[in-house]
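J.: Listed here are the chains, written in short residue letters.
Protein chains: 2
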Amino acid sequence: MFNTMLQMKYIFIFLAFTSTVFGAYVIDSGRRRGINDIDVEGECSSLTAELIEEIKAYQPIVDEITNAIVNGKFSGDTWNALAEMTDKFGARMTGSKSLENAIDYMVDELKKAGLDNVHTENATVPHWERGYENCQMVSPRQAKINICGFGFTVGTLRGGLIADVVVVESFEEFDKLPEATVNGKIVLFVPEWQGYGKTVVYRSRAASVASKKGAVAALVRSITPYSIGSLHTGMQRYADDVQKKIPVAAVTVEDAYSMLRMYRRGEKITLHLEMEDKNLGDFVSRNTIAELAGESSTPVVVVSGHLDSWDIGVGAMDDGGGAFIAWKALHLLKRLNVKPPKRTIRAILWTGEEQGIVGAAEYEKQHKSREKEEFNFFIESDMGTFTPLGLDFSGNKEAECIFKEVLKLMAPLNATQFNSPIDAGPDIEQWSTRGFPAASLLNKNEKYFYYHHSAGDSMLVENSDDLDKNTALFAAAAYVIADLSVDMPKDIKD
Amino acid sequence: MFNTMLQMKYIFIFLAFTSTVFGAYVIDSGRRRGINDIDVEGECSSLTAELIEEIKAYQPIVDEITNAIVNGKFSGDTWNALAEMTDKFGARMTGSKSLENAIDYMVDELKKAGLDNVHTENATVPHWERGYENCQMVSPRQAKINICGFGFTVGTLRGGLIADVVVVESFEEFDKLPEATVNGKIVLFVPEWQGYGKTVVYRSRAASVASKKGAVAALVRSITPYSIGSLHTGMQRYADDVQKKIPVAAVTVEDAYSMLRMYRRGEKITLHLEMEDKNLGDFVSRNTIAELAGESSTPVVVVSGHLDSWDIGVGAMDDGGGAFIAWKALHLLKRLNVKPPKRTIRAILWTGEEQGIVGAAEYEKQHKSREKEEFNFFIESDMGTFTPLGLDFSGNKEAECIFKEVLKLMAPLNATQFNSPIDAGPDIEQWSTRGFPAASLLNKNEKYFYYHHSAGDSMLVENSDDLDKNTALFAAAAYVIADLSVDMPKDIKD
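Chains as they are written, first to last, in my numbering: chain A, 11 to 504; chain B, 11 to 504.
I should point out that these hints are in silico values taken from the structure, not numbers from a laboratory. Do not take every clue at face value.
Because identical chains cannot be distinguished in the list, a pair is counted as satisfied if it fits within a single copy or across any two copies.
Unchecked claim - In the DSBU-like style, the derived pairs of lysine-lysine whose C-alpha atoms are separated by at most 35 Å in a straight line are:
1. LYS186 - LYS418
2. LYS278 - LYS344
3. LYS121 - LYS344
4. LYS107 - LYS418
5. LYS222 - LYS454
6. LYS122 - LYS375
Given only the sequences and the hints, what does the whole structure look like? Please build it.
T.: Below is the structure:
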């Protein structure tokens with residue numbers, strides 16, 4: 011995933027934990043009840059007994075979906091399909107031939123799966139390409155420093171640049187440095203890991219911040235809590251008021267702390283930095299769409315993940331897993347031969363997420379005029395597909411009350427936890443923040459940032475049983491919501 | 011460490027665990043006793059009450075050493091010194107200028123520490139150098155495959171080689187392949203991780219095995235249980251009867267399994283492999299020696315670790331930590347101003363361990379004629395310097411009985427566990443296997459192979475408190491054994 015919501019990650023985990031420990035049962039009028047019972051009588055008093063009964067009646071179909079996994083009828087299918095796709099195309103960076111080839115392949119797969127209305131919709135995305143990147147320490151000793159440029163970084167001039175290094179641990183420390191100390195130097199930022207949200211700002215802003223005092227390049231510790239010499243890439247943006255765009259890259263946490271210690275000891279560090287990364291202008295990519303046709307074509311329930319990835323690793327976790335549990339949910343329902351739901355379920359495999367959520371933004375623009383009629387509910391997975399815990403929710407109180415009843419059905423998957431309200435996820439938050447009801451996968455993703463945007467993002471991270479459960483969860487939730495007698499309530503802000 | 015003992019690792023852990031759970035107290039004649047009590051009355055009946063009392067009387071000095079850590083007098087010293095050395099010299103591969111510079115630096119440091127008889131002793135070691143290494147998948151798709159050549163590998167011809175890949179999961183599977191399937195191909199071995207000892211044979215033997223059926227190169231999954239796109243190097247040897255030496259390198263576990271899946275699906279994989287690695291003949295390196303003079307110069311108690319490392323990562327764990335707790339043990343005793351022990355304590359920082367335990371072998375040869383008189387006891391650390399648990403032991407029963415009494419003194423460090431007999435450790439086993447009594451650090455090294463021979467071998471792996479405790483443990487054990495009224499018993503086989 012790109013960058014936004016994840017500062018919330020530890021809050022989510024904390025909430026999930028507290029809701030389990032403290033929230034499950036509350037003493038009220040002398041009897042123990044589930045927290046949802048209280049909600050029903052309190053905030054959810056508008057929820058009719060009929061609707062509750064209607065939702066409860068979906069338990070058999072949810073059980074059927076779960077059983078298809080538990081009894082192994084479709085077991086392993088999501089993992090195998092994801093492995094085949096990632097093996098075939100590897101990394102799928104926006105603008106690359108491998109992403110476009112993967113999109114063509116997915117169109118074929120979706121058609122082969124017998125899904126409806128399989129097509130792509132164009133999305134113009136920025137095209138940045140990594141070139142040759144190399145960094146050598148030339149003083150106080152000769153050593154190779156592994157680097158990995160951040161998205162949209164400019165390159166160096168041919169032959170690279172040689173400059174001394176200034177090392178800081180924070181923007182605050184940098185702010186206190188006189189311009190003369192920074193001018194003409196490479197600035198290395200070594201912030202302590204304080205969770206993704208607080209730490210990633212160094213990746214996003216390092217080049218812009220350093221440039222303003224005349225730095226010739228910026229380096230940043232890889233944005234990860236754990237490292238085995240691993241490099242983590244990701245987006246960065248030059249601020250609008252930056253006069254000179256300078257190159258910016260990740261170094262390993264290992265090298266970052268070593269250079270920090272050397273600098274603190276007063277040693278002069280000189281690096282030779284060569285980067286041939288390039289911005290190549292616009293590129294037309296595609297969002298990939300397939301549907302499980304319902305009784306009516308709109309409003310639809312969207313289930314989604316992004317197909318594009320960074321160029322190191324193969325994006326099995328970010329976000330191959332999300333994209334595959336989304337379309338496999340439809341495939342699973344198709345193969346189970348369920349009664350068509352009242353509303354259509356639409357799988358969307360976004361493009362251009364890593365380059366700034368561009369594919370989803372284009373899609374939103376293109377569908378804006380009819381969005382109130384077109385969309386009933388949005389679901390996304392972009393924070394890992396580890397063991398599922400439940401679904402986080404965003405939407406108004408009325409929708410939440412319905413959603414919580416639906417979530418109770420997921421007990422066979424042991425996936426009934428949720429937090430609400432949350433920003434739903436990078437690709438769907440442009441709708442959820444404006445009042446569309448939405449949900450995103452809540453899963454045991456404590457190690458997500460070990461692998462995120464690194465060469466470690468591979469099928470080794472993905473577990474076949476977990477992927478099956480996630481597919482079942484998406485299939486069951488999407489089906490029930492798509493088939494309810496009522497639309498999901500929403501309060502749209504324009 | 012190089013390769014030998016580690017297949018025993020899980021056995022050690024199991025033994026350590028069982029001795030804690032099952033062994034600590036045993037019902038005997040109706041009363042509970044420590045397992046060592048039983049030994050004293052059983053196998054250790056030769057141990058005199060006087061010697062037991064003598065050993066117990068060392069508790070105050072052991073406490074003093076421990077307190078210097080617990081009260082923080084010398085706290086952090088080992089970590090800081092190790093960080094400074096690794097930052098200054100980085101990787102220290104045998105044959106490199108950085109290793110020889112690090113040796114010069116260590117001689118200065120040992121002298122500055124006020125240690126006695128600081129000097130080096132020459133050791134002729136083989137000199138292999140990594141050159142440019144690159145691997146591109148050219149079919150079925152274009153992709154960079156990260157590789158890392160193994161020690162002593164030959165390079166490819168200039169321009170590299172392009173060949174199809176045959177993938178196997180074991181030597182057994184390889185043995186069944188007809189020569190025609192292998193001839194002219196690159197063989198990729200993807201053995202399942204089954205502990206270091208069972209898995210590392212693929213690194214050591216892949217090139218020799220593959221060459222015999224006409225392969226042009228061999229690749230091996232990195233020898234590690236866990237990967238974040240990490241490459242792990244290490245030694246390999248060409249068998250004497252190999253007709254043609256072929257290049258051999260590690261690939262990441264991620265890429266190995268991806269290519270295995272592709273091969274099993276029947277896809278044709280073609281790689282372009284370029285390696286400019288070179289064997290450069292002999293090189294004179296040095297073992298680095300310092301002493302804490304005792305009342306007599308011999309026999310000595312040796313405490314040791316190796317200073318050389320692989321060329322990726324900085325060898326903070328393998329084996330900077332071992333080398334530093336060894337010499338810092340002497341430094342700590344010096345600064346505590348302890349009464350000189352009866353016997354001299356000698357710190358040895360071995361060279362050339364990673365290239366085949368060559369420094370220690372040369373040292374053994376040079377000291378062979380007077381070894382019985384010269385050596386009382388050997389101590390080594392080369393399996394990590396994580397939280398200490400105790401010391402493993404090798405030697406005859408009489409020596410073990412004394413050793414166990416000494417180990418009881420380490421209760422303040424919570425480091426009284428041991429296994430016996432074990433092969434003591436790569437650099438000292440040439441003595442221990444011939445009957446010299448020896449011990450090696452037992453520590454919580456479950457994650458050792460996450461970092462081993464990889465870019466992840468850095469100061470991030472080392473914990474300051476643990477290093478302090480390990481230094482204290484080495485200092486206390488070496489001091490007590492060096493100062494006993496009796497020599498450590500030994501049965502030497504020539």
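J.: Indicate, hint by hint, whether the structure satisfies it.
T.: Comparing the hints with the structure gives:
1. LYS186 - LYS418: neither (53 Å within a copy, 54 Å between copies)
2. LYS278 - LYS344: between (64 Å within a copy, 33 Å between copies)
3. LYS121 - LYS344: Close inside one copy (12 Å), not across copies (77 Å); limit 35 Å.
4. LYS107 - LYS418: Neither. Shortest intra-copy (43 Å) and inter-copy (66 Å) distances fail the 35 Å Cα cut-off.
5. LYS222 - LYS454: Neither way: LYS222 and LYS454 sit 40 Å apart in one copy and 47 Å across, limit 35 Å.
6. LYS122 - LYS375: within (30 Å within a copy, 71 Å between copies)
Violated hints, listed in ascending order, are 1, 4 and 5; each of the other numbered hints is respected by the structure.
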